[in-house]
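**Student:** Here are the chains, one letter per residue:
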Amino acid sequence: MGWFEKLKESLAKTRDNLTQKVEAIFSFTTQIDEEFYEELEEALIMSDVGVKTTQHIIETLRKNIKDKKISTPDKAKEELKNIILDIMKKDKNLSIIPGFLPAVFMVVGVNGVGKTTSIGKLAYYFKNKGYKVLLAAGDTFRAAAIDQLEVWSQRVGVEIIKQSEGSDPAAVIFDAIQAAKSRKVDILICDTAGRLHNKRNLMEELRKINRVIEKEGSNFYKETLLVLDATTGQNALFQAKEFLEVSDVNGIVLTKLDGTAKGGIVIGISNELNIPVKMIGVGEGIDDLQEFDPEMFVEALFETVK
Amino acid sequence: MAFEGLTQKLQETFRKLRGKGKLTEKDVKEAMREVKLALLEADVNYKVVKDFVNSVTERAIGQEVMESLTPGQHVIKIVHEELVNLMGAKESKINISPKPPTVIMLVGLQGAGKTTMAAKLALHFKRNNKHPLLVAADVYRPAAIKQLQILGGQIDIPVFALGDKISPIDIAKASIEYAKKNARDIVIIDTAGRLHVDEDLMLELESIKKEVEPNEILLVVDAMTGQDAVNVAESFNQRLDITGVILTKLDGDTRGGAALSVKAITGKPIKFVGIGEKLSDLEIFYPDRMASRILGMGDILTLIEKA
Ligand SMILES: Nc1nc2c(ncn2[C@@H]2O[C@H](COP(=O)(O)OP(=O)(O)OP(=O)(O)O)[C@@H](O)[C@H]2O)c(=O)[nH]1
Ligand SMILES: Nc1nc2c(ncn2[C@@H]2O[C@H](COP(=O)(O)OP(=O)(O)OP(=O)(O)O)[C@@H](O)[C@H]2O)c(=O)[nH]1
Ligand SMILES: [Mg+2]
Ligand SMILES: [Mg+2]
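These protein sequence lines are chains A and B, in that order. Residues 370 to 675 in this note's numbering are what the first sequence spells out, letter by letter. Residues 299 to 605 in this note's numbering are what the second sequence spells out, letter by letter.
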C-alpha cells in the first residue's frame, strides 16, 4: 500500500478530520461568506497549522479570491490548495538523494520522535537504490539505543559502527567517518540521542559532533535531517528554530503520519523557516518510509473521505 | 520567548478597559479574544478552547471587579481559577490495592515515554518502601525489553521478561503470579507504543486489562502533543476506561495545552509529570503551575495573586 492510500485510510478513521471538514465546507457552502472563512480557520487550526500560519493562509485566500474574482467554493478550494502548495514547495530542494558521494547524514530531533526507526527505514531505502550504507550508533546515552539500531542494521543488512553505552558520541562519529572512508561506503547515517532543544549542553554536544564531521569528512556531501513527530503541536516550530542554530538542518522527516494527526505544523515551518519536508514515516515497518510529495499531501488533505 | 506575547497583548487590550464596578460584556469579550489565541497557541484543542471560553465568559460578565485589579486583570484571574479547577485537585495518589500486588499498566502512543516512566514510578515506589516489579510487555519495538532491563538495573529493581516470542497478555498474566510468589507488592507493566486507531493492538490492551485487572491504567502523554491529543485520549479512554494521565517531557519549553485537552475530554486526573530523562525526574502534578504555563503568563499571575 502506498503512503497515499495509507494516509487516506488513516484519515478515514477519524470523524472530524480536516478533509471531511473542508470537504463539508466546500460542498455545503454555496457562497463564500464570513462563516465559510471561520470554518476554514477552524479546520486548519485543528490540523496543527497554528494560529499565525492559518491567519496568513486565510488572508492570502481572501485577497486572491477578491483579486481573481473567485465566486464559487470549488474555485476557492483550488485556490486554497495552491496557496498551501506554494508554501510547501517554494525554492525548496525536496530530494533526499545526495548531491554527490560519499555522503554523511546526521539525524537529529527531540526525544522519542522516531529518529532511530527512521534511520533503519532510510538505510533500507538507500540500500534498495543500490547505495552502500553504513550506520553510526551516535546515541550512546539512552538505555539500549545502540541495541535498537543494531537490530535495524541486521534487518536491513548493513554494517554498524558502535562503541559502548556512555562513550563520547563525537568519538563514535569520528570512527564511523574513518570506517566509511576505508570501506568505501556511499552513505553514512548517524543516529544521535534525543535532546530537547532547550538543553544548552546537549545542543553544544551537537555542535561538537558537527565539527568532527566538518573536519574528518570535509569531502563528504552533508545532510542534516530533523525528525519531527506529526503529533507534535506548536512546539515543533521552536524545535526547528533551535536545531537550526547548531546545525544546518536541510530537511525534515515527518513521522507517525499513520495516526490521525495531520502534521500541519510543517506548513508553518515551511512558511517561516523554509525547511522542506523530504520523507514521511507512515508506520513502524521497514518500508513505512515514503518520499514526501507535496501535491499528494495537499491532495490527500482535500480528498473526500467515504 | 513565546511567553511574553500574551502579557503584552493583554496589557494593550486592558489599557482601554479602565472602568471599575462590574465587568461589562464588552470588557470580557475583548479580553477573551486574547485568551482564546493564547490557549490555541498553547495547543489546547480548538473545541476545548471554544467551550472553555464560552463558559468562562458567561461566568465573568457582571462580576464585581476587585479594587486592586483592572477589569482585564480580573478576567485573567477568573480564567486562571477556572483552568485550575478544570485540571483537578493537586496530587492524585496511585490507588494502592488492599490486596497486593497493586497492578499498574502504562499505555500510550509510540515514543511518549512509557518505558522511562515505568522505571521512574518503580524508583518512586521503592523510595516509599514498596517492592516494585517491572514487566517487559513490549515485544514489538526493537530492544524494548533490553531498555527496560537496563533501566531496572540502574535502580536495582527486578524486571520480569519472557522474551519477545510470547504474547504480552501471557507475559502480563505470568508476571502477577511471579509477583505473588516473590513478594513484589507493585507490578508495573510497560506496554508497547501504539496508535489509538490500531484495532489489533488496542484489542491486545483490552485483553491484558481483562486478564490482570489493573488498579491503575495510566495514559502516558507527551506534553508537546498538539490538537490530536483529544482523539488519542478519547480513544484510549473509551477502550480502557483509564484511571489517570501522566504528562512527560515537561522539561521542554512547550506550553503543554494538551494537558487541558486530555483532562477536559477524559475527566481523568493527571497524576504525575515527567521532567527529564533521569529516573528521578518525576513530580506530582500541580494544576496551578500548569494553568500559568498554558496561559504563558507567570508574571501577570503573581501580580494578581498578590492582589
Ligand atoms: N506509528 C508510527 N510509529 C513510529 C514511526 N516512526 C517511529 N515510530 C515509533 O516511535 C517510537 C520511537 O521511535 P524511535 O525511533 O525510538 O525514536 P527516537 O527519536 O530514536 O527516540 P530517542 O532516541 O529515545 O529520542 C518507536 O516505538 C517507533 O517504533 C511512524 O512513522 N509511525
Ligand atoms: N526530556 C525528557 N525526555 C523524556 C522524558 N520521558 C521520556 N523521555 C525520553 O523520551 C524518549 C522516549 O521514551 P521511552 O520511555 O522510550 O518512550 P516509550 O513510550 O516507551 O516509547 P515506545 O516504547 O517506543 O512507544 C527517550 O529518549 C526518553 O529518554 C521526560 O520527561 N523528559
Ligand atoms: Mg533513538
Ligand atoms: Mg517503550
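FYI, nobody ran anything at the bench for these hints, they're computed from the structure. As the structure is a prediction and not an experimental result, all values here were calculated from the model. Treat each hint with caution, since some may be false.
Capping the alpha-carbon separation at 35 Å, the derived lysine-lysine pairs in DSBU-like fashion look like this [as the list claims (entries may be wrong)]:
#1 A:Lys568 - B:Lys428
#2 A:Lys435 - A:Lys459
#3 A:Lys421 - B:Lys444
#4 A:Lys444 - B:Lys444
#5 B:Lys334 - A:Lys450
#6 B:Lys327 - A:Lys450
#7 A:Lys577 - B:Lys327
#8 B:Lys428 - A:Lys421
#9 A:Lys432 - B:Lys334
#10 B:Lys444 - A:Lys496
#11 A:Lys438 - B:Lys345
#12 B:Lys345 - A:Lys458
#13 A:Lys610 - B:Lys428
#14 B:Lys334 - A:Lys591
#15 B:Lys576 - A:Lys610
**Student:** Each hint should be assessed against the structure and marked as holding or not.
**Tutor:** Right, here's what the structure says about each hint:
no., hint, verdict
1, A:Lys568 - B:Lys428, "holds (33 Å)"
2, A:Lys435 - A:Lys459, "holds (23 Å)"
3, A:Lys421 - B:Lys444, "violated (43 Å)"
4, A:Lys444 - B:Lys444, "violated (55 Å)"
5, B:Lys334 - A:Lys450, "holds (27 Å)"
6, B:Lys327 - A:Lys450, "holds (33 Å)"
7, A:Lys577 - B:Lys327, "violated (51 Å)"
8, B:Lys428 - A:Lys421, "violated (49 Å)"
9, A:Lys432 - B:Lys334, "holds (25 Å)"
10, B:Lys444 - A:Lys496, "holds (28 Å)"
11, A:Lys438 - B:Lys345, "holds (33 Å)"
12, B:Lys345 - A:Lys458, "holds (31 Å)"
13, A:Lys610 - B:Lys428, "violated (44 Å)"
14, B:Lys334 - A:Lys591, "violated (43 Å)"
15, B:Lys576 - A:Lys610, "holds (25 Å)"
Checked against the numbered hints given earlier, this structure breaks hints 3, 4, 7, 8, 13 and 14; the rest are met.
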